[in-house]
Each structure stands twice: as structure tokens, then as C-alpha cells.
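Q: Single-letter residue listing:
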Amino acid sequence: MTDNEHEIEQPDERVPKRVIGTPAPGTSMLGDEVPVVEEGDVPGVTFQDEHKASRAEKIVALCFTVTFLAAIAFIISYVVFQVGDPESTGTSNLALGGTLTIALLALAFGIVVWVRQIMPKYTLIQERHAMASDEDTRENVADTFVQGARESGFVKRPLLRRTLLLAAAPLGLLPLVLLRDLDNSKMPAAKFNETLRHTVWGEKTKEGKPLRLLVEGTGQPIRAADFNSPGGILSVVPEGYEHDLNALAKATLILIKFRPDEIKSGTNRNWTHDGIVAYSKICTHVGCPAALYEQTTHHILCPCHQSTFDAADGAKVIFGPAARPLPQLPISVDDQGFLIAQGDFNVPVGPSYWERGDAEAEARSKGGHA
Amino acid sequence: MTRITAWRRHPLARYAVLILALALVGMVYTAFIQASRPADAALASGKVDDVAKGRSLFEAHCASCHGLNAQGTSTGPTLIGVGAAAVDFQVSTGRMPAANPGAQAPRKPVAKWVTDEKIRQLGAYVQSLGGGPQVPGKEQVDPAKGDAGRGGELFRANCIQCHNWAGAGGALTLGKYAPNLNDASPTQIYEAMITGPQAMPVFNDTTITPEEKRSMIAYITQVREQRDPGGFGLGRIGPVTEGLVGWIAGISALALAAIWITAKKRQKS
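Those protein sequence lines, which keep their order, are chains A and B.
Here the working numbering is used: the first residue of the first sequence is 1, the next is one more, and so on.
Here the working numbering is used: the first residue of the second sequence is 1001, the next is one more, and so on.
Calculated directly from the structure, the hints in this document are not laboratory data.
Note that the Cβ used here is the ideal one computed from N, Cα and C, for glycine as well.
Each hint should be verified, as a subset may be incorrect.
As a list, the in silico DSBU-like pairs of lysine-lysine whose alpha-carbon atoms are at most 30 angstroms apart [said to hold, decoys possible]:
id: 1; chain 1: A; residue 1: Lys264; chain 2: B; residue 2: Lys1176
id: 2; chain 1: B; residue 1: Lys1176; chain 2: A; residue 2: Lys316
id: 3; chain 1: A; residue 1: Lys209; chain 2: A; residue 2: Lys366
id: 4; chain 1: A; residue 1: Lys316; chain 2: A; residue 2: Lys366
id: 5; chain 1: A; residue 1: Lys52; chain 2: B; residue 2: Lys1176
id: 6; chain 1: A; residue 1: Lys366; chain 2: A; residue 2: Lys264
id: 7; chain 1: A; residue 1: Lys264; chain 2: A; residue 2: Lys316
id: 8; chain 1: A; residue 1: Lys121; chain 2: B; residue 2: Lys1264
id: 9; chain 1: B; residue 1: Lys1112; chain 2: B; residue 2: Lys1176
id: 10; chain 1: A; residue 1: Lys366; chain 2: A; residue 2: Lys204
id: 11; chain 1: A; residue 1: Lys58; chain 2: B; residue 2: Lys1264
Some chain A residues close to chain B (C-beta under 7 angstroms, calculated; not the full set) [unchecked claim]:
id: 12; residue: Thr89
id: 13; residue: Ser92
id: 14; residue: Leu94
id: 15; residue: Ala224
id: 16; residue: Asp226
id: 17; residue: Gly231
id: 18; residue: Ile233
id: 19; residue: Glu239
id: 20; residue: His243
id: 21; residue: Leu292
id: 22; residue: Tyr293
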């Protein structure tokens, strides 16, 4: 124990007197002769209760000891836990991070307790200076400005002034020109129909034949006679677009096989083949893939918002936020017995959009089925 | 002697006697029925024993819901044409006999009487009623012979909407759900695909070939063998719940710490 440490334990040493980098004793602004700490001795300064301070001191010391131990543990963990496979690297990370966290947290906690419960409290008043500059400075700035204006000849030389204004005018208009890009009202209306109304099912192969239905994943065409187990379902993609994600975003289907007596009036039977019905997989609510099919109830469930469609009855909505049934694709078989699309959906697939209108009513008025 | 007398006077004694008597009558009746049943001429090809034993098992354990001739009742569907594969799946996973009629019969430990032998006999009986998918052979479902990459592609196209990409399962409508696949054996997975148990659709062998099914089984078994790194995995989505709790708890702790550091000590008055 040195003298210095002995002094620190004295009660009157609570007043900061001798700290490295501060004035030596005697010049202290708080005075070094404060024998018994009492409130009001020094205006604006509240000293800590010595009893509480010594208790806090123990807490702080404990915190610092914890920091010491945790830091040692960090070094030990660094040596003990070697990295390599994911398992041991994970253990090493946990040990290093854990010990470092404990060390720094304990240190921080100790310092906060030190400041809050041991050091005296000051009531400080901070004066603010006036916002405005003084009179001289302001006059000076005004003079400089006038002088600059005079020397630039902005008034005297009208040619310079006018060409500068001329240069600035179109420059200021540039953002307005770019704003025009936001206006899409001039885009051809046919483009909307092309991109949103139609899917690739309306197209033909290079040989001019209708597109076949392919099993998603295997890319195999489906012979109607092979898809013969009632209660069956397949995820289907169009021939030639198996990996075209832009096309698949709208054209993916679910193909369901029913017993003939299960199909209800909501389903267009002319668009089915031997109890096989094709619906768009894209939910009419916000476009999630709705393909959770229950063969017992014929429910198609959309996993995003629980919209439920009755697959046996034209995929009409029986629960949830979807507003319209899943569009049915007209299907048929080609001369080899493979399932093909008769044509495109007669209503747009997927969620609603402004220009869509009542596509179902439109399709009905054309004599079609929606 | 006095102890026996005490048992006889026990309040439950009359019930015990009643149950014993009923069991005795039942056994004698069953034995009598078995002895008197004529062998089915159409099935006299060596499998007769299995079919006959299967029929008696069926009458004892299944007929109350599925009907005495497996024709179906209001509580259970017909089993004509479902095949031995459906029987093997339902009974070996403990789903059947069902504990109670509900939205869905859950997987559970098999009933005490169930053995591989008895399942085979039941299956033979149901197969004899109207054909249907057979139990696949060991070779047919061997994950080692499948291509997990290709199987994964098919699994993602056809199965994950209900079963989740790691086979964790998920909710369906009106209390039904797609079960977790982690407990299912390769044979059971194959049988589920070809028979479409309960609400599950059928994936027949002509559209998804047996080789493709084997590849899917390879994918399912390989994925479940992978180590799941996150606590509450939520079907391998990752430690989302822990992150949420950590974030909320962490932010709260930081806010409290900031309040504590800067708080003014209450003035003593």
C-alpha cells in the first residue's frame, strides 16, 4: 500500500483534488479543505453520501474484477477453442464473443456506477451567446458584397448579365423534362393487353401446333390416359417456356383429375378433358402460387392469405380475400393423346389491376364462359 | 380365502366379470365364424390364408367405420380399390385404426395388435377386393439409388406447397394439415404418393415415374439428415423467432441502459 492509495480511502478525498492532468492541490477551484462533506458547502455541488459511495465502490471493484477475469477467459478461449469445422468454429465464436461481451459490459457498468454513485453532482448553467453577429461584422459583410457587385460589373455590363440569365433558364428546366418520363399515358394501349391480359398459352409452337402441357420438374408432356388417378394433381408449364420465368409467372397451371360426377356447374366442361381440369396457379388476390390441393374437399388453398377455391366448381372463392375465381384454361388432347391448350385464358390471370375492368363480364358478353 | 371374498365384493368386480364374459363370448364366436367360413374359390391360390386372416382382422378393427364389406360408411370411405399400399401406409404409420373421427387422423404409435405380418394380411384382403397400388419393393424406394438433385426439382414443383421444402409440413383448410415428413420411412413416402392418403392428392406412376419418386425420396431423406442450424427452425426458415426476440429484448435493454446512464438522481427534500 502506498501513501497515495491510503489517501484515496480517506473520506475527504471524495472531492476531486489530485487527478493526473489537473491542477495540483491548492489551486483547486473547489478548495482542498473540505473536512466533512455536507450539502451546501459549495454552491451547485452535491456530494455523495459516503456510506452509499463506499458500497458503490465495492460494486465497481467487483465489475472491474469481472472484466479482468473475462478478459483472461477470452485469451484462454482463444487458445483452447481451435477453429476448423463449423461446429468448433461456432464454439470458438461463442466463447470469444461471450467473454468479450462480459468484459466490456462489466467495464461499462462499473464506470457508470462510478460516475453516478461516487463522483459529486454538479449543477451547471451554460450561457448561450447571442445569435446575431456583432454590428461591425455585419457592416463588413455588407460592404464586401456591395464592393463585389460593383467590381463584377453586373449592372454596368448588361451583355454578361443577360447571357448568364439565358444560360440558367434551360438548365432550370432540365428536371421538368425528366419528369415527363413519369407519364405513361402515351404508351400504346395494346401493350397493356399484351403484357397483362395474355399468357403464352395463346401462342403456337414453331410447327403451328397448340402448346402441350408439360409436367413442371420433369418437362414431360402428359398423356391424358396416363393422368388417370382421380384425386391427382400436377404442376404444369407450357411447352417451350419451361424455364422462361417471365412467362411462367403468369402461365403456370395446376392440373387436377376428377371423377366425372365430381365436377360441378361452375367448371366449364367444354374446357376439360375426361375429368381433367386446368386452373391458373396464380392466386387472384396478390399472385401467390395457390396449389395446396385437398383431394377430399377439392379445396385449393393459397398459402399467403388463406384464400380457398373450390376446384370442382370452377375454382370459385369459398373463403379468404381473393375476389375472383382462378381462371380456367381450355384444354384438349392432340392426335397423339397428349394434353394441349385450346388457347389462352379468356380473362387475365392473377391479381386485379386498374385497366383490367370487369374482364369476366366482357368475356361473357362475347359469348364465352368466365 | 377371505381375500378372494373381498375381491368378489369389490364395487368393480361385477364389471370385470361382465367384460370377461363378453370377451369369452366374442372369442368363441370368432373361432366359430373362422371355422365355418368357406374358402373363397377365386383366392385359392396360396394367398387364401392371408386374405382370410386379413378379413377377420378387418372385421375386428376396421369394419365399424369402413363397413363389413369395406364399402364405406358415413364415417369412413370405401376401401375397394385403394390397394395394399394404402393399408400399409395407414396402419404402419398408426393413422389407422383412427382414434376418433376428426378433420385428420394423425400419425401415432401403432396399435398393440399391429405387426408387419398382420398389416400384410390386411393388405392382402383389401387388395383382393378391387386391386389398387401394391406395396413397393425395397429396391423401388431405396434412397441410395435415387438422384437427390432431380428429386429436389420435382419435390419443389409438386410437394413443397403443402409439405415445405424441408418436409416440415404446414396447415391446410378446416383443421387439416400436411404432416411433417421426417418420421416417414421411404416406403411410406412412396405409398403416400401413389395412394393419396386423406386430403393428399395422388401422384400416380404414369405421370411421376417410380424412378422419379425414388429420386424424390432421396431428396427428402437427404434433406432431413442435414443439420438444422437454427433453434426454432420454423421448417428450416432459420432462427427468425430468436432474431425477433433478440432484437426486441436487445433494443429494450439498450433503451433502459441509456435511461439509467443519463437519469437524474432524485433530489432529497
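Q: Now look at each hint and say whether the structure bears it out.
A: Outcome of the hint check:
1. A:Lys264 to B:Lys1176: Holds: A:Lys264 and B:Lys1176 sit about 23 angstroms apart, inside 30 angstroms.
2. B:Lys1176 to A:Lys316: holds (20 angstroms)
3. A:Lys209 to A:Lys366: holds (25 angstroms)
4. A:Lys316 to A:Lys366: holds (21 angstroms)
5. A:Lys52 to B:Lys1176: violated (64 angstroms)
6. A:Lys366 to A:Lys264: Given that 30 angstroms is the threshold and the Cα spacing comes to 23 angstroms, the pair holds.
7. A:Lys264 to A:Lys316: holds (11 angstroms)
8. A:Lys121 to B:Lys1264: holds (10 angstroms)
9. B:Lys1112 to B:Lys1176: At roughly 26 angstroms apart (the allowed maximum being 30 angstroms), B:Lys1176 and B:Lys1112 satisfy the hint.
10. A:Lys366 to A:Lys204: Holds, because 23 angstroms separates the two Cα atoms, which is no more than 30 angstroms.
11. A:Lys58 to B:Lys1264: Distance ~22 angstroms between A:Lys58 and B:Lys1264 Cα, so the pair holds.
12. Thr89: Hint violated; A:Thr89 Cβ to chain B Cβ min 12 angstroms, cut 7 angstroms.
13. Ser92: violated (16 angstroms)
14. Leu94: violated (13 angstroms)
15. Ala224: violated (10 angstroms)
16. Asp226: holds (4 angstroms)
17. Gly231: holds (5 angstroms)
18. Ile233: holds (4 angstroms)
19. Glu239: violated (16 angstroms)
20. His243: Constraint on A:His243 not satisfied, violated at 11 angstroms.
21. Leu292: With a closest approach of 5 angstroms, the A:Leu292 hint holds.
22. Tyr293: Holds: closest Cβ of chain B sits about 5 angstroms from A:Tyr293, inside 7 angstroms.
In summary, the structure is inconsistent with hints 5, 12, 13, 14, 15, 19 and 20 from the numbered list given earlier, while agreeing with the others.
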